[in-house]
Amino acid sequence: MASDGARKQFWKRSNSKLPGSIQHVYGAQHPPFDPLLHGTLLKSTAKMPTTPVKAKRVSTFQEFESNTSDAWDAGEDDDELLAMAAESLNSEVVMETANRVLRNHSQRQGRPTLQEGPELQQKPRPEAEPPSPPSGDLRLVKSVSESHTSCPAESASDAAPLQRSQSLPHAATVTLGGTSDPSTLSSSALSEREASRLDKFKQLLAGPNTDLEELRKLSWSGIPKPVRPMTWKLLSGYLPANVDRRPATLQRKQKEYFAFIEHYYDSRNDEVHQDTYRQIHIDIPRMSPEALILQPKVTEIFERILFIWAIRHPASGYVQGINDLVTPFFVVFICEYIEAEEVDMVDVSGVPAEVLRNIEADTYWCMSKLLDGIQDNYTFAQPGIQMKVKMLEELVSRIDEQVHRHLDQHEVRYLQFAFRWMNNLLMREVPLRCTIRLWDTYQSEPEGFSHFHLYVCAAFLVRWRKEILEEKDFQELLLFLQNLPTAHWDDEDISLLLAEAYRLKFAFADAPNHYKK
1 MASDGARKQF WKRSNSKLPG SIQHVYGAQH PPFDPLLHGT LLKSTAKMPT TPVKAKRVST
61 FQEFESNTSD AWDAGEDDDE LLAMAAESLN SEVVMETANR VLRNHSQRQG RPTLQEGPEL
121 QQKPRPEAEP PSPPSGDLRL VKSVSESHTS CPAESASDAA PLQRSQSLPH AATVTLGGTS
181 DPSTLSSSAL SEREASRLDK FKQLLAGPNT DLEELRKLSW SGIPKPVRPM TWKLLSGYLP
241 ANVDRRPATL QRKQKEYFAF IEHYYDSRND EVHQDTYRQI HIDIPRMSPE ALILQPKVTE
301 IFERILFIWA IRHPASGYVQ GINDLVTPFF VVFICEYIEA EEVDMVDVSG VPAEVLRNIE
361 ADTYWCMSKL LDGIQDNYTF AQPGIQMKVK MLEELVSRID EQVHRHLDQH EVRYLQFAFR
421 WMNNLLMREV PLRCTIRLWD TYQSEPEGFS HFHLYVCAAF LVRWRKEILE EKDFQELLLF
481 LQNLPTAHWD DEDISLLLAE AYRLKFAFAD APNHYKK
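25 is the number that the UniProt record's numbering gives to position 25 of the sequence shown; each next residue is one higher, with no gaps.
Cβ-Cβ distance ranges computed for the label pairs, FRET-style: (1) Ala315 with Gln274: 18 to 24 Å; (2) Ala487 with Glu192: 29 to 35 Å; (3) Gln409 with Asp372: 36 to 42 Å; (4) Pro446 with Asp473: 37 to 43 Å; (5) Asp199 with Tyr337: 21 to 27 Å; (6) Tyr337 with Phe380: 36 to 42 Å.
These are computed hints drawn from the structure, not numbers from a lab. Ideal Cβ placement from N, Cα and C applies to all residues, glycine included.
Modelling step: build the complete structure from the supplied sequences, incorporating the hints.
Following this line, the structure appears as structure tokens:
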């Protein structure tokens, strides 16, 4: 897991005023207002106003960003205070609520961080949903990360890193009867939220005609494991929305795939195809996770899938990198039939042969659907990747000029580290469990693999801003970028990354229409 100091840097932005640069905004991705960090904003002699304070009119973009608290399923006591301040209330009631919020924040400030002891095992996971449409009220308080960004000198002198509770929204709320144990509330709220989301998915999938648009919106913040296989098949376009047509479609597509094997697979040793098959045979053992790939049954399945796809797509044929794209589909589909706590440790030895055959066919068709949208990444000279790397360079130069200039000064070219990000869709940069969570959102985004991935890469690069700027040597800087410390990342880190990527996408006026009102 990345350090808290690095997490704080993830949200910082350059203060330089450049055309297209992103302005600091109020947003749901920032933590609630903390009076202990912003003591200068509170005056001990200030009197509580008896009338609501009106927010200043801000730009359209800032107005949108200031009203995205529900992206984290927030229900914090801070919002309770702000909501009450928007109404004409008795000043004593307002003061009592404010004091309760301050006491609660003071207690949270005194709690140890996750790194200080093993007793804190539960941590709230934010739901990285696309920001919801603006409501009427405007947030009146700046976030912690924005305050630090606007005061670089003060931020640099602050040696103590922010606690995790200040970096992420709080899941626990304050009841009218007093404070409760945050860990208990967080665990309970998380379980209830997961159960509620699962019910929503099941109801949506059980209908006679699945509303794919609604399914995409629901899937953006992650898909529960029990319904992920069916959801991926629908979002990829492999299965129809009509529930009555699905069994016939599955049977027809599976039969079609095995007809390809009978027709083409024996030609793998022919002179015209033997180089392709040999390269596939060499690349598969290099894939990860090893515990899965080194199983003979899995190796044979992957060889057939990749060879058939290469033969049927002569414009590109087989290119290194395509092999990695098989794994997430296969693992998701196989987990429907086995119990595996860790996706890296899937064992297929107990799965019936007929089930494996069907999973193989489903994996082939879903991978084909994905590659249909990014095939120019793998044609001659890989022009799609060359173009995306250039677009990433331009985007980062506008998002964070200091990082871009630092890379340029040390002669680090984006192609040297970002080519693999585009070629393997970040699969070599993050654990498999994180890739699966990432693909939940990619499949719910319009052109997620081909277009939204660009913004994810930009957010991913800027996430390591602090570490990048500390490296002063070309070799060390390039080695760091090619071996980023993400081994302990989990769904929470991916949710933060996706939320930032969406913010970047919307900041460049590129949000999809179905998230606009």
